[in-house]
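Engineer: As a plain string of letters, each chain reads:
Protein chains: 2
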Amino acid sequence: MTDSKTTLKAASKASSKVQGSTQNKLPPKENFSEWYHELLMTAEIIDNRYPVKGMCVWFPFGFAIRKNVYGIIRELLDPDHQETQFPLMIPENEFMKEAQHIKGFEDEVYWVTCGGTTPLDVKLALRPTSETAIYPMFKLWIRSHADLPLRIYQIVNTFRYETKHTRPLIRLREITSFKEAHTVHATWEEAAAQVEVAIQRYSEFYRRLAIPFLVSRRPSWDKFPGADYTTAIDVIMPDGRTLQVGTAHHLGSTFARTYEITYEAENGEQKLVNQTCYGISERCIAALISVHGDERGLVLPWVVAPTQVVIVPILLGDKEKVLDVCRDLQQKLAAAQLRVQLDTSDERPGAKFYRWEMKGVPIRLEVGPRDIEKGVVTVARRDGVKVALPIDGLEKALIEEAEELQASIYNKARLFAESKVKEASSIAEAKEITKFGVALVPWCGEVDCGHQLEDQVEANLLGEPQYQCFTEAACAVCGAKTAKRTYMARQY
Amino acid sequence: MTDSKTTLKAASKASSKVQGSTQNKLPPKENFSEWYHELLMTAEIIDNRYPVKGMCVWFPFGFAIRKNVYGIIRELLDPDHQETQFPLMIPENEFMKEAQHIKGFEDEVYWVTCGGTTPLDVKLALRPTSETAIYPMFKLWIRSHADLPLRIYQIVNTFRYETKHTRPLIRLREITSFKEAHTVHATWEEAAAQVEVAIQRYSEFYRRLAIPFLVSRRPSWDKFPGADYTTAIDVIMPDGRTLQVGTAHHLGSTFARTYEITYEAENGEQKLVNQTCYGISERCIAALISVHGDERGLVLPWVVAPTQVVIVPILLGDKEKVLDVCRDLQQKLAAAQLRVQLDTSDERPGAKFYRWEMKGVPIRLEVGPRDIEKGVVTVARRDGVKVALPIDGLEKALIEEAEELQASIYNKARLFAESKVKEASSIAEAKEITKFGVALVPWCGEVDCGHQLEDQVEANLLGEPQYQCFTEAACAVCGAKTAKRTYMARQY
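As you go down the protein sequences, you meet chains L and V in turn. 465 is the number that our numbering gives to position 464 of the first sequence; each next residue is one higher, with no gaps. 12 is the number that our numbering gives to position 11 of the second sequence; each next residue is one higher, with no gaps.
Wrong hints could be hidden among the right ones.
Where chains are identical, the list cannot tell them apart; a pair therefore holds if satisfied intra-copy or between any two copies.
Straight line, CA to CA, 27 Å or less: simulated BS3-like cross-link-like pairs of lysine-lysine [to be verified]: (1) Lys124 to Lys54; (2) Lys124 to Lys165; (3) Lys68 to Lys140; (4) Lys353 to Lys387; (5) Lys98 to Lys54; (6) Lys224 to Lys423; (7) Lys124 to Lys104.
For the record, the hints were derived by calculation from the structure and aren't laboratory data.
For reference, chain L alone in the conformation it holds in the complex (with noise of 0.2 Å):
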C-alpha cells in the first residue's frame, strides 16, 4: 500500500490548526463538540466545508475507513442476504400509501418537482428510507412460501431534511452510506426471530469495532413509523449523550397490508407476509472516533486501520542500511497481509509521529541503527505501550500486540461507559444522572408515566434493557412496583 492511497497531500492544508511541523494538539476531549469537528478535519476523514448545509464530503483517508468499516458489515451479512440495489426516487404515489410511515417521514422528505425545466407530473421524494421503494417489488417478488424468507439488503445515500442542528457524520442531510436491511417471513414468530438475528449482528460488528454499547426496546411512542417495535443500539458518547447506531424493527403486516404483499401458504391460503427491517449508517463510523480518540487523534481498531503498521526510519549513522532494514521489514508485513507503510518523507521522526497518530494508526514501528544492532525494533502502539521485539517473528508478534491492543481500547472504553449508566431511583436523582451519562430508572411501563418521566427528566426514554433482569423497584412516576427499567439519556 502506497501513500497515495489513504492520505491526501493536499488535505492536511483543511485544517487551519496544522500548518508544516507545528504540533498543535486538538482540543481536550472534555470538549467534545470541538474536539470532533477539529478531529473529522485533522485527520482528514470528512471535509465540512461543502456548500450544503448538512453534506459533506469524504476525504479518501475517512473513505478509506468506511470502506473497512462497511466491509465487516457486509460480511457479516452475506452469508444469508443478498446485495441488491433499488431507486434513489420514490413517486409520491407509492411513498404516499402507508399513513403511518409517511406521518413519520412528510416533514423531512426532499422533493424532486422538475426535470431540466419542466414540472414533473408525479413528484418524486428522496428516500429517507427505502421501505416504499422496496416493497412495491417484493410485491412482484412473492408469490408462494417458498420465496420465504427473503432477506435482501442495500448500502445507499439517504436524504432527510433536518431542521435541526446538523453534525458531520452524526445529524446529515444525506446520510452517504445507509446500510438498510429488509427481510420477509411467512409469520410473526418468524419475523420476530429475525430481529433477534439482526441484534445479534450488530453486536458482533460493535465488538468487532470495540465499542461498548446498549440494547433497549424503544417506548411505543419512538418506533420507527409503521413498525410494531423497535429494538435499538445506543452508544454513549464522551460527552453522556447517546448515539443511537443501529435499529432493528418488525414490521409485522402493515407494510404487507399496504403493498398487498401475500404469499401462498403449503395449505393453498393466501396469507399476508411478515418483515423486519433493520439500519445502520455512518454514524457508526462517528461513534468509532468519538468513543477510542484522545487528544492526539485518532484511535482505530485494528481491523478498519488503513494502515495498520507504520515504519518510522531513524535515520542516524549508516542511514542506507537504516532505510535497507526498513525496506525488507515492510516487505515482509504486506507479505503477512499487514498493512503496512515506511514513511520516507523529509520530516524528522517526531513530526511523523504526531502525523500517524492523528491517523489513528494502531502500531508504530522505530527503527535505528542501535534497535538494528540488538535485532530488535521499537514497538510503539496507539495505546501508549511501548516495547523492543526482535526483528525475526514480527509478522507473529505484531498480531499478538494487535490482539492486545484491541483489548486495551476495548476495556478503556467499556470502563468509561460502565462509570456513565447509574440506578436513578427518582426523578431527581434521574435528572442529575443524565447531565452526563445514562440514567437506569424503574418505570412501570405505562405510556403515561413515560411521558411524565420524559418531561420531568428533561430527557428522553430510550426504552427497556433487552437481555438483563431486575429486582422489584418502584416507578419513578407512579410508584407502582415493577421489575422493568428504562434508560434515560439526552440523546443526539
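Starting from the known structure of chain L, arrange chain V on it as the hints suggest.
Structural biologist: Just chain V, lined up with the frame of chain L:
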C-alpha cells in the same frame, strides 16, 4: 458460496417466460432489443418494473456481477487514485457558474425544490456529473505544486432527466454506478498524458471483460461541455449500433478559471491548474451482457462470474456416493479460491443445465457414476466445448479451461466486431454500412464537412480513430486529400 448469495428464489418468476421447468428460449439475438430486455429479466440482472421510467432495480444476481466488474475498475485505479465521495446535491449557484458546462446539461438536470413542505431558498441540482460539486473543494485543497498531481475517483449514483427512450443499463434517469475520476495537474501536457493513462486503464478493463472496442477522438461538437477535447471508447453492439462505454476529457484550465483553482509554482508564481476527468457507468455491464450473450442466456467472463463453476450431480446408481464425490470436489475447488456451487436442487439435470447456462456460468461439471468409475468429470464450458478431465488436479486444469474460454469468447467477439467495421469512400457507402455497423470514412477534419457527413449519412461521427495510421484518401464530402478517417455509426 451458498445458493442464496446470487440467486433470488423469487425472482425467476419475474419473467413471464420462465415458469416451472418450461424451458422457453430467449428470442433470437438478431432481435437484439427484445433479446436484451428478456435476458435482463430472465437472468435476473435488472428488474425494469420499478414505477419510475428509466429507474431500475438491481436483482441480487445482477448486483453480484456489478460488484465484480467494479472491483476490476477499483483494482486498476487504486494504485495511483484515491477513492472518495462527494455530495449528490449541488447548489444552483455553484452549478450555474461554468457557462459551457451548464449549457450541456441544463435540459437534463433534476431539481430539488422542497424540503418537507418548505420551498428551499436555493434550488439543489442532482449531479448529472460532479465537476461543479468537486471543483469548489479542489480550490480549498490545492495550494502548491507539492499538492499535484491529485487523482481521485468516486463511484456514485447520478441523474439525468432523459427525454429520449430509456433502456435498462444503457439510457437511464438514475445511473446507479457512475465511476468518475477527476485529476489535477500543473501543466496542460501532464493533463494530456493523464488522458492517455485513463484510456490505457479503460482498455485494460475491457480486455479483462474480453470486449473489443474502438478508441476515437470525438469531433469538437460532441466533446464534453467545457472540455478541450474528449477521447471515447465505443463498443459495437449486436445490432451494429455503437455504445459509448467510457470517455476521458482534457479540461484544460476551463474549470480552473471558473472555480479559481490555482497553485503556487516552485518559482512562487500563482498558476491555474490543468484538469482531466474520465468516467465509466453501468453501460459497461450492458456491453458485457450484449457482446457475449447468446440465445441460451448470459456468457460471463471467468473474472466477473459470481459463480465460476457449477457442479451438477447426475444421480444414477449409488446416489450418496455421487453426492459425496461432488461435495469433495466442491470443497477442493473452494479451497483453491474458485467460486463454486453444488446444485443439489430437486430439478432434473437438463433443467439445471438450462438455468446455469442462462446465468452465464463459465464452467459446468457433470458428475455421474460412470465418470466417477473412470476417475473423471465431464467439463462443459459455456462456449460449448465439452471434455472429460481427471478429478486429480482438476483445480489447475479448470484454470486452464478458464483461460481458453476467455480466449474463445474474446475471439468470437473480435471476429464479430471486425466484421462490423467497413471502409467507405463515399457518403452512399457510409450510409449503407452504418445501417448494420461502423463505417470508416475519409474526413478532412473540417467542421463543415463533418456536419454534412452526419446529415447525409444519417449517422454520428464517433471521431478520429486513435493509435492508427491511414493512407491518403479523398474526404467523402469535399474531396480534399487527407490521411484522416472518422468512424461513423448509429449510436445508442
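Engineer: Hints numbered earlier in the text: which of these fail when held up against the supplied structure?
Structural biologist: Hints that this structure does not satisfy do not exist here, as all of them hold.
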